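Colleague: Our numbering numbers the first residue of the sequence shown as 1 and each following residue consecutively.
If a hint is listed, it holds; no wrong ones were tucked in.
The calculated lysine to aspartate or glutamate pairs, modelled on DMTMM-like cross-linking and capped at a C-alpha distance of 25 Å, are:
{"hint": "1", "residue 1": "Lys217", "residue 2": "Glu32"}
{"hint": "2", "residue 1": "Lys191", "residue 2": "Glu292"}
{"hint": "3", "residue 1": "Lys165", "residue 2": "Glu187"}
Simulated restraints on C-beta separations:
{"hint": "4", "residue 1": "Glu157", "residue 2": "Ser59", "range": "22 to 32 Å"}
{"hint": "5", "residue 1": "Pro236", "residue 2": "Arg178", "range": "34 to 44 Å"}
{"hint": "6", "residue 1": "Ala37", "residue 2": "Gln311", "range": "23 to 33 Å"}
{"hint": "7", "residue 1": "Leu235", "residue 2": "His25", "range": "42 to 52 Å"}
{"hint": "8", "residue 1": "Ser320", "residue 2": "Arg146", "range": "26 to 36 Å"}
It should be emphasised that the hints constitute simulated quantities derived from the structure, not laboratory data.
From a predicted model like this one, the values you see are computed outputs, not experimental measurements.
The beta-carbon is built from N, C-alpha and C at its ideal position, and this holds for glycine as well.
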Amino acid sequence: MDKQQRTGESEKDDDSAGILCRFAHLVFPYLEPAGLASVSATCKVLHVVSKTITSSRISDASRNLENYPIPFFNSVDSELYANFIYSPVQTLPTSPSIPWGGGSGRVRSDPFIVRVEGAYGCDCESCDLDSSSNCACMDFSDLPTRECGPSCGCGLECGNRLTQKGISVKLKVVKDRRKGWSLCAAEFIPKGKFICEYTGELLTTEEARNRQRLYDKLSKSGHFSPALLVVKEHLPSGNACMRINIDATRIGNIARFINHSCDGGNLSTLIVRSSGALLPRVCFLSSRVILENEELAFSYGDTTVNSTGSQCFCSSACCSGILPAEHT
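Working from the sequences, and respecting the hints, build out all of it.
Modeller: Shown next, in the form of structure tokens:
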């Protein structure tokens with residue numbers, strides 16, 4: 001074989017490797033961890049691509065969709081990261097699949113799935129929380145529950161859209177030997193700071209009940225951790241309540257990693273309404289000062305005498321030993 005022939009074959013190999021690499025970068029972001037590990041063992045090119053995607057997933061759970069990266073840390077076992085599709089906003093069950101490691105940039109989707117046409121909103125160009133604004137949407141209570149929304153004249157730069165701008169604190173996801181993945185502060189967080197919204201698939205009550213029955217069966221194996229949140233807001237009359245079902249098991253954000261604490265934890269749950277949006281959003285604020293490396297937690301609800309929940313490992317002084325559970 002002469003030198004010219006060897007050079008030609010080398011160029012063909014390089015071309016084939018380049019095509020394979022480009023193909024892998026298109027397909028591999030959709031693979032789950034097991035599939036990614038399998039193809040990684042087939043050849044050097046695919047191993048390099050797989051390793052790059054795995055490193056990206058470990059370094060940022062949000063896929064670059066939040067203001068800060070949210071890395072995974074695990075010194076407990078061999079699980080490198082949690083497998084789910086990240087969405088910074090609420091979604092519907094019919095939403096298309098999103099590549100886990102696609103790195104789709106910092107563009108945030110519309111946080112309001114259902115809008116109310118013709119709804120009243122302010123016509124302010126900006127709403128300054130530090131001044132005595134005449135904005136009709138302004139809520140000056142200690143825990144603001146109303147913000148400007150899609151029917152308002154202002155944009156995301158408005159000061160009265162606190163919970164619509166993404167996560168504003170540095171966080172990390174840490175594996176605990178007993179609790180599993182936990183959300184922790186990666187910096188000092190003052191009291192009253194917005195942490196995150198609880199995002200996921202918005203479900204009807206019927207669908208939420210169907211999924212909960214399925215999750216209960218899967219959880220018996222001990223290797224399944226659902227993230228279905230049901231929030232009930234009782235109306236002033238006391239005769240009815242509004243129910244919000246958010247399932248972050250498959251699609252959601254880092255709020256899915258917030259564990260329960262029997263003493264209420266260090267987070268407050270807030271139902272936030274926005275002008276022109278039909279559905280409110282479930283948000284978390286720090287209820288006290290949170291130190292760096294401290295785990296974030298809130299109360300899932302009260303534990304009843306006949307609770308069938310799993311064992312609780314919150315380790316608080318008032319721990320009941322059982323996670324709250326109720327019929328959805």
